[in-house]
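Hey, can you work out the whole structure from these sequences and the hints?
One-letter residues, chain by chain:
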Amino acid sequence: MDKEQLRGALAAAARQVLEDAAFVFTEEADAPTDESAWSTAISQVYLPFVGPTCGRFMLAASSRLGESLAAEMIAADPGSPESEEEAEDSLRELLNMISGATLEEVFREEPWEMAVPELRQVSPAEYLATRLDADVWVHLDTEDADPLELAVFLGKGEPR
Amino acid sequence: MSYNLLIVDDSPITRKVVKRAISMTGLEVGTVHEAQDGVEALEVLGSQWVDIVFADLNMPRMSGVELIAKMAEGHLLEDIPVIVITSDRNQLRLAELQDRGVSAHLNKPFRPEDLREVMSRVLGNKAGGVHG
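Top line first, the protein sequences correspond to chains A and B.
Letter by letter, the first sequence follows residues -3 to 156 in our numbering.
Letter by letter, the second sequence follows residues 348 to 479 in our numbering.
A hint or two may mislead.
Below 25 Å or equal to it, Euclidean Cα-Cα: the simulated DMTMM-like pairs (lysine to aspartate or glutamate) are [claimed, not checked]:
| no. | chain 1 | residue 1 | chain 2 | residue 2 |
| --- | --- | --- | --- | --- |
| 1 | B | Lys366 | B | Asp426 |
| 2 | B | Lys366 | A | Glu114 |
| 3 | B | Lys417 | A | Glu109 |
| 4 | A | Lys(-1) | A | Glu80 |
| 5 | B | Lys366 | B | Glu387 |
| 6 | B | Lys366 | B | Glu413 |
| 7 | B | Lys366 | B | Asp398 |
| 8 | B | Lys366 | B | Glu390 |
| 9 | B | Lys417 | B | Asp384 |
| 10 | B | Lys366 | A | Glu80 |
| 11 | B | Lys366 | A | Asp73 |
| 12 | B | Lys366 | A | Asp16 |
| 13 | B | Lys366 | A | Glu15 |
| 14 | B | Lys366 | A | Glu24 |
| 15 | B | Lys366 | B | Glu464 |
| 16 | B | Lys366 | B | Glu460 |
| 17 | A | Lys(-1) | A | Glu105 |
| 18 | B | Lys366 | A | Glu84 |
| 19 | B | Lys366 | A | Glu78 |
| 20 | B | Lys366 | A | Glu81 |
To be clear about the criterion: a stretch of chain B counts as covered by chain A if any three or more of its residues have a C-beta under 8 Å from a C-beta of chain A, and this derived list gives those stretches [stated by the list, open to error]:
| no. | stretch |
| --- | --- |
| 21 | 349 to 363 |
| 22 | 449 to 457 |
FYI, nobody ran anything at the bench for these hints, they're computed from the structure.
All C-beta atoms, glycine included, are put in the ideal place defined by N, C-alpha and C.
Printed below as a string of C-alpha cells:
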C-alpha cells in the first residue's frame, strides 16, 4: 500500500468528517513530540480492518475535545451532562466514519471489512510511545487549539 | 398517519443524531424504538408494530447484515422498509444488501436533508410520503 496515498486519504477524510458531523474545522500541523501538548487524559480509539491490506486505525484526542465534539454532534450545550456522557462514543463514531471514508478511497472496489471501534484512556507518555509504531499519522489542530491525531498501523495485531 | 420507527445502532450518539434528523424531516412520528444490535432489534420487531427500520451494519452480537438476513427469512423485509445508515462504504456489500431487499442506504455522516430525501423515496407509496 502506498503510504503517502493512505496518509492523504486519511487526512482528507478526517477533515471532511469532522466538518460534516461535528462542525469542527481543522488544520493539519506538525505533530508535537512532547507530552505538554496533551492534557492529562487521552482517549485513544482503535478500529481494526481487513482487506487487501490489514491493520488498524487509531484516533487520539483529549477528553475535553471529546466532550466538545459530542456537544456539536447532538446540538447540546458544551459542558452539559449529555455531552459529557457521549464524549467517548463521539470519538468512537467519528473514527468509524473516518475509517469508512478512507477505506473507500484506498480500496475502491476491493472487498474489505471494518471491526467495531474500541476506546481506552491512556496517559500522554503511553500515547506517545504507541505513536512511534504508526506507519502513517496525521495531526490536526482545531480552532480551539485542541490536538487530534489519527494514525494507521499496517499489518499489526493488538495494540500494545 | 404517524409512523413507528426502529433505530438500530450500537452507538447511542448516532441513535440521537438519527432521531434528531428524523424530527427535522416533517414526518409524523409515533413511537421511536431503539435497539443497540440485531438481537434487540428482532425482539422489538417481534413485539411492536414498526413501519420503518434504520439499521447500522457494524454492530457487536448481531450485525446489520445478519439482522437483514433474519428479516428476509421471516418475510419482514416485504412489509417493513429498511434504510441502512452506515460508515461502511463497501459498495459490494451495499449492492448485495439492496439485492436482498434493503430499501436504501445513507453514508455517515449524513445531512438531515439527505435523510429527508431518502425517506421521501422510501415512503413515496405510503400515505403521500414525507410532509413539510
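Failing hints, ascending?
4, 14
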